[in-house]
Each structure stands twice: as C-alpha cells, then as structure tokens.
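Novice: Those sequence lines, one after another, are chains H and F.
Taken in order, the first sequence gives residues 1 to 291; the numbers are from the UniProt record's numbering.
Taken in order, the second sequence gives residues 1 to 281; the numbers are from the UniProt record's numbering.
It is worth saying that the hints were derived from the structure and are not from the lab.
Errors might be hidden in some of the hints.
As the list claims (entries may be wrong) - Listed next, the stretches of chain H that the computed footprint assigns to chain F, with coverage defined by at least 3 CB atoms under 8 Å from CB atoms of chain F: (1) 81-94; (2) 194-206.
Said to hold, decoys possible - No farther apart than 25 Å at their CA atoms in a straight line, the calculated lysine to any residue pairs in the SDA-like style are these: (3) H:K45 to F:F126; (4) H:K40 to F:F157; (5) H:K146 to F:K133; (6) F:K268 to H:K146; (7) H:K179 to F:F263; (8) H:K213 to F:I117; (9) F:K58 to F:K268; (10) H:K209 to F:I127; (11) H:K179 to F:F157; (12) F:K133 to H:I30.
Claimed, not checked - Sample of chain H residues with no beta-carbon within 12 Å of chain F, all distances over it, derived: (13) L20; (14) F21; (15) D31; (16) Y47; (17) V49; (18) D52; (19) G56; (20) D60; (21) V62; (22) R68; (23) G76; (24) V78; (25) Y156; (26) K165; (27) F271; (28) A278.
For glycine and all other residues, C-beta sits at the position ideal for the given N, C-alpha and C.
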Amino acid sequence: MHIFAKWWIKQLLVVPTLILFLIYTLYPIIDSLMLAFSHKPPFKKPYFVGLDNFYGLFNDPVFIIALRNTTIVVIGSVLLIPLGLLLGLLLNVSFRGATAVKVISFAPNIVSPFLTGLVFFFIVDPGVGVLNGFLDKIGLHALAFKWIGGERLTPYTVTVLDSWKGLGGLGVFFYAALKMMPKDMFEAATIDGATSMQKFWKITIPMLKETFKFITVLTIIGGLGSYQTFYILTSGGPHHKSETLGSYMFYIMQSKGGDIGKTSAMALVMFILSMSAAILYLHLTRKRLDE
Amino acid sequence: MPKVNKLIYIPAGLIIILMSFPFVWGFLLSFKDGIEIFTDPISLPRSFNFRLYIDTYKESHLVLLFKNSLIVTVLSVPLGMLFVFLSAFSIARLDQKIKWMSSFYYYLFLSGMCVNIIIILRSLYFITMYTGKNVAPLGLDSLYSLVPIYAAGGIPFGTLLYVSAMRSIPIEMEEAAIIDGCSLFGVMFRINFVLCMPVISALFIFSVLGVWNEFPVASMLLNNYHNYTLPLALAFFKSEFSRDYGSMLRAIIMILIPQLLFFIIFQKRIIDGVVTEGIKG
C-alpha cells in the first residue's frame with residue numbers, strides 16, 4: 001500500500017463512487033429512517049411522531065402475517081442450504097458431464113425471479129398447474145394441496161421455489177470451497193484409517209465453517225427481501241394472506257394514498273434485521289482489513 | 001486419480017431433470033393456446049404451432065422492450081464498474097494521509113450490501129422526481145434515471161470484489177513498473193486492470209444479469225409501457241394477459257432465450273467468477 005500519488009488524485013479517484021453512493025444509497029437510507037418516525041400527510045410536510053408508526057405497524061394484522069411469512073422464508077432457506085452442499089459435493093467428483101450439470105443447475109439462478117415464478121406458476125398452481133393435475137391422474141388426489149393461493153402453504157412453497165432457484169449458485173459456491181481445501185489432511189486421515197463418513201464429518205464440515213457463515217448471512221438478507229416470487233404467484237395472496245415484508249411495502253407504496261410513515265417503519269425493521277445479520281456475521285468472523 | 005463410480009450418474013441425472021424441468025415444461029406448454037391450457041393441463045400440446053409465437057411477439061412489442069433493457073444495461077454497467085474500479089484502486093493501494101480513511105471508505109461502501117432495494121425505493125422515487133425538475137432526462141419515466149441508481153447498486157459488491165482482487169496482486173509488480181517509470185494511471189490500467197481481468201469479467205456478467213432482471217426500481221420509476229424494461233413487461237403480462245396463459249408463456253420463453261444463450265456462451269466465465277468469489281468469501 002505505498003504507491004506514491006498526489007493527495008488530490010487519491011481523493012479524486014474515490015469521489016465519483018462516493019457521490020453516487022451518497023446520493024443514491026446513503027441519503028435514501030437516512031431519509032427512509034427519518035420518515036419511519038414521522039407522519040407525512042399528502043402534499044404537506046412531514047412531522048415528527050416518534051414511535052407512533054411502529055405502534056400502528058405492530059397492531060396491523062397484515063404486518064404480522066407478512067412478518068410470519070418472511071420468517072418462514074428466511075428460516076426455510078437457511079435450512080435448505082445443506083442441499084447446496086450436497087450439490088457441491090456431487091460436482092466435486094469429476095465425471096463426464098459434470099460441467100453440464102454445473103451449467104444446467106446454475107441457469108435458474110441468473111434468471112429473474114419473475115421468470116422462474118411465472119414458469120413455476122404452471123406447475124404449482126392448484127388450478128392450472130401440472131403438479132396437482134399429475135397427482136390427480138395417478139390417484140393421489142389427497143395430496144393435491146393448494147400449494148399457492150391457499151390459506152397457509154404459500155410461504156413454504158415459495159421457500160422451496162426460491163431455494164430451487166438458488167441451488168445452482170450454492171452448489172457452485174460450495175464446489176469452489178471444497179476445491180480449495182488442502183488435500184493433505186484427507187490423505188493423513190486415510191492413512192490413519194478413517195472412513196469416508198468420518199472424513200466428511202470431522203474434516204470437511206469444520207473446514208467449511210466460514211463458508212457456511214457467509215452463505216447463511218447472505219441467505220438471511222436475501223430472504224428478508226424476498227417478495228418477487230410471492231408477487232408473481234399470488235400478488236399477496238387471497239386478502240393479503242401471503243404478503244411478505246417486501247411485498248406489503250410494495251403494495252402500500254403502489255396504492256396512491258399510501259401511508260409513508262408505515263412503509264418507512266417497515267423499511268426500518270427490515271434494515272435493522274439485515275444489519276443484525278451482517279453484524280452477527282462480522283462478529284463471528286472478526287475479519288480484519290489487512291490480512 | 002479417483003475412479004468414476006458409475007452410480008454418480010443417477011443423482012447427476014436427477015439434478016439435471018430437476019433443474020431443467022420447469023423450463024422444459026414451460027416451453028412445451030407455450031405451444032398451447034389459452035383454452036387448451038385450462039382444459040388439459042398435463043398433456044403435451046396438440047401441435048407445435050409457431051404462429052402463436054408470432055402473434056404474441058407482435059402484441060408485446062418485444063423489440064422495444066429489448067431495446068430499453070439494452071440501453072439501460074449498456075449505460076449503467078460500464079459506468080458503475082469504472083467508478084468502482086477507480087475507488088477500489090484508491091482504497092486498496094494508495095495510502096491516505098489520515099490513516100483510517102481507506103478503511104472508512106471500504107466499510108462505507110460495503111455497508112450498502114445489507115440495504116435491500118425495497119428500503120430505499122420510495123426515497124429513490126422522490127430523488128428522481130426532484131432531479132427531473134432540473135435535469136429532465138434523469139427524471140421520472142425516463143430510462144436514463146435508472147442508470148445512476150443501478151450504477152450505485154453495484155458499489156458494495158464491486159468494492160468487495162475489486163479490493164480483494166487488487167490486494168492479491170503482489171506489490172512487487174507495481175513497484176517494478178514504477179521504477180521503470182510508469183505513471184500512476186499507467187500502473188492502474190496497464191497492470192491492475194489486466195491482472196484483475198477474471199474478476200472484472202465475472203463482475204461484468206453479474207452486473208449485466210442483475211440490471212437486466214431488475215424489477216422494483218424500474219417499476220417504480222417507469223410509467224409508460226413504451227419505456228418499460230423486460231422484467232416490468234413480464235409482471236405486466238401477468239395482468240395484461242391475465243387469462244391468456246399461453247401468451248404469457250410464449251412471452252416468457254421469448255425473453256428467456258436470449259438470457260439463456262448469453263449465459264451458455266459466457267458460462268465458463270460466470271462460474272469461474274463464482275468460484276473466485278467463493279475463495280475470497
């Protein structure tokens with residue numbers, strides 16, 4: 001870190017990014033946070049109301065539903081992370097066609113969640129979808145639940161869908177992590193007579209701790225913001241039964257008389273949750289800048 | 001050399017089926033017209049009628065949407081990447097007089113990572129509105145208003161990737177260049193840039209895909225259908241073609257194919273990019 005450069009050049013290099021960040025990221029966050037504590041009547045200036053917006057929020061049954069749905073998605077997505085590990089293990093074996101598997105499983109990841117949501121609509125919808133149609137045809141009518149649009153199953157279905165979409169990404173990520181692991185430990189263990197299972201649980205898993213932490217935090221933050229699949233499949237479900245934090249905020253913002261204090265309060269809640277996850281991660285890893 | 005256990009092909013095959021089935025099904029389904037979809041959801045289409053595709057294509061003004069998405073992507077991705085490259089170079093390599101400045105910038109930009117776009121959606125709307133009063137093309141309902149927002153969105157992730165990549169370049173290379181009389185910009189572009197190429201291309205691809213598929217901001221800022229980007233139109237289709245599922249599917253497939261092609265062509269780079277990031281993570 002010791003290339004000599006004139007002082008003003010050093011600052012100048014950062015300036016464009018800084019300006020962009022300040023205007024389009026930092027200021028909006030501060031603005032949003034401040035609005036969370038104010039009330040803004042239409043066409044008038046906002047005024048401070050303290051925690052009133054939050055009282056309103058927690059008394060709003062739809063908010064509670066949204067919170068519940070979002071929590072289901074977050075926890076579910078985290079629980080499904082091991083599937084990505086399995087895929088990563090699979091990819092680690094070099095067999096013909098491994099690249100094809102890699103590419104095909106990664107493909108859904110890069111596509112908009114709207115696209116995958118819409119495509120899944122035709123599988124999962126109780127009316128038009130293949131799933132229930134198929135279950136009916138083979139006589140398992142009892143299993144043909146209302147995967148989406150019903151009372152309770154929607155968040156679970158969406159969790160599965162979102163995890164499906166991300167599976168390829170996780171698989172490749174774990175594949176990379178596995179490739180990075182030094183082989184000598186494994187060889188030493190084999191010499192000492194360890195079985196594959198022992199090697200897996202006692203060497204592989206502990207070495208993946210850092211990777212797990214990283215992925216978990218990203219999954220949590222991503223899950224908190226999950227709303228696109230919900231939106232496409234159910235537009236918030238019958239009478240808001242399948243809203244998430246994100247989709248509910250979106251809904252309020254779309255409706256013209258939207259209560260801005262409320263959306264901002266929700267935004268603040270989301271922000272706090274995301275920050276907590278990030279801070280937790282930083283604490284657990286305690287990365288230092290100059291390694 | 002590990003022996004290939006033939007059994008591995010079973011889970012491999014299952015994965016391929018699992019991950020591709022929805023798309024294959026959507027593709028097959030898209031050849032049905034609206035009525036067939038309702039009456040007979042689980043069978044194969046009666047005929048592979050390409051005429052339906054042409055009809056949907058005309059109805060949706062696909063080329064216009066494509067052009068809009070392209071404009072936004074071509075403008076915002078290089079701009080954002082350039083800015084972040086410059087600032088990352090400053091953070092990673094240049095000493096500041098005040099010792100903690102670099103770290104400060106680094107963490108500042110990184111903190112953007114936990115900002116879900118929904119949180120700042122409304123503020124972005126009003127910023128764009130006010131900007132529009134002074135600088136018209138950047139106002140509401142203009143594609144160009146999306147450009148700085150998307151560029152700003154790339155800052156946290158870009159900073160993370162670039163700074164790690166730059167830090168892993170041995171300082172001796174740069175020192176050697178300086179001794180040989182290289183200017184600062186020379187070092188920056190001729191050495192750093194070239195050595196960071198894998199990261200740069202990975203970031204480029206991710207940014208392109210991210211901007212191309214972006215929905216919330218675009219939907220908030222664009223009103224006129226003629227200005228829509230592709231993802232917006234997709235959501236619009238669901239209400240527009242609300243009962244005509246066939247058209248919806250055809251539109252989806254038509255939008256999907258360029259993306260998949262892009263991905264297949266660049267897939268090696270993309271996956272290598274994730275591998276690189278996996279190492280850093």
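Novice: Decide, hint by hint, whether the structure agrees.
Specialist: Comparing the hints with the structure gives:
1. 81-94: Holds: 4 residues of the region 81-94 of chain H have a Cβ under 8 Å from chain F.
2. 194-206: Result for this restraint: violated, n = 0.
3. H:K45 to F:F126: Satisfied, since the Cα-Cα distance of roughly 14 Å is no more than 25 Å.
4. H:K40 to F:F157: 34 Å, violated
5. H:K146 to F:K133: Violated: H:K146 and F:K133 sit about 49 Å apart, past 25 Å.
6. F:K268 to H:K146: 40 Å, violated
7. H:K179 to F:F263: Since the Cα atoms of H:K179 and F:F263 sit roughly 23 Å apart, the hinted pair holds (cutoff 25 Å).
8. H:K213 to F:I117: Cα-Cα ~23 Å, so holds.
9. F:K58 to F:K268: Violated: F:K58 and F:K268 sit about 34 Å apart, past 25 Å.
10. H:K209 to F:I127: 42 Å, violated
11. H:K179 to F:F157: Holds - the C-alpha atoms of F:F157 and H:K179 are around 23 Å apart, at most 25 Å.
12. F:K133 to H:I30: 22 Å, holds
13. L20: At about 5 Å from chain F, H:L20 fails to clear the 12 Å cut-off, so the statement is violated.
14. F21: 5 Å, violated
15. D31: Its Cβ does come within 12 Å of chain F, the nearest being 4 Å, so this is violated.
16. Y47: Non-interface label stands for H:Y47: nearest chain F Cβ at 17 Å, farther than 12 Å.
17. V49: Fine: 17 Å to the nearest Cβ keeps H:V49 off the interface.
18. D52: With a cut-off of 12 Å, H:D52 remains clear of chain F, as the shortest Cβ separation is near 18 Å.
19. G56: 17 Å, holds
20. D60: Holds, since 17 Å exceeds 12 Å.
21. V62: The claim stands: H:V62 keeps its Cβ more than 12 Å from every Cβ of chain F (closest is about 16 Å).
22. R68: H:R68 clear of chain F: closest Cβ-Cβ about 18 Å, beyond 12 Å.
23. G76: 18 Å, holds
24. V78: 16 Å, holds
25. Y156: 18 Å, holds
26. K165: H:K165 not clear of chain F: closest Cβ-Cβ about 9 Å, inside 12 Å.
27. F271: 5 Å, violated
28. A278: 4 Å, violated
Taken one by one, the earlier hints fail for this structure at numbers 2, 4, 5, 6, 9, 10, 13, 14, 15, 26, 27 and 28, listed in ascending order.
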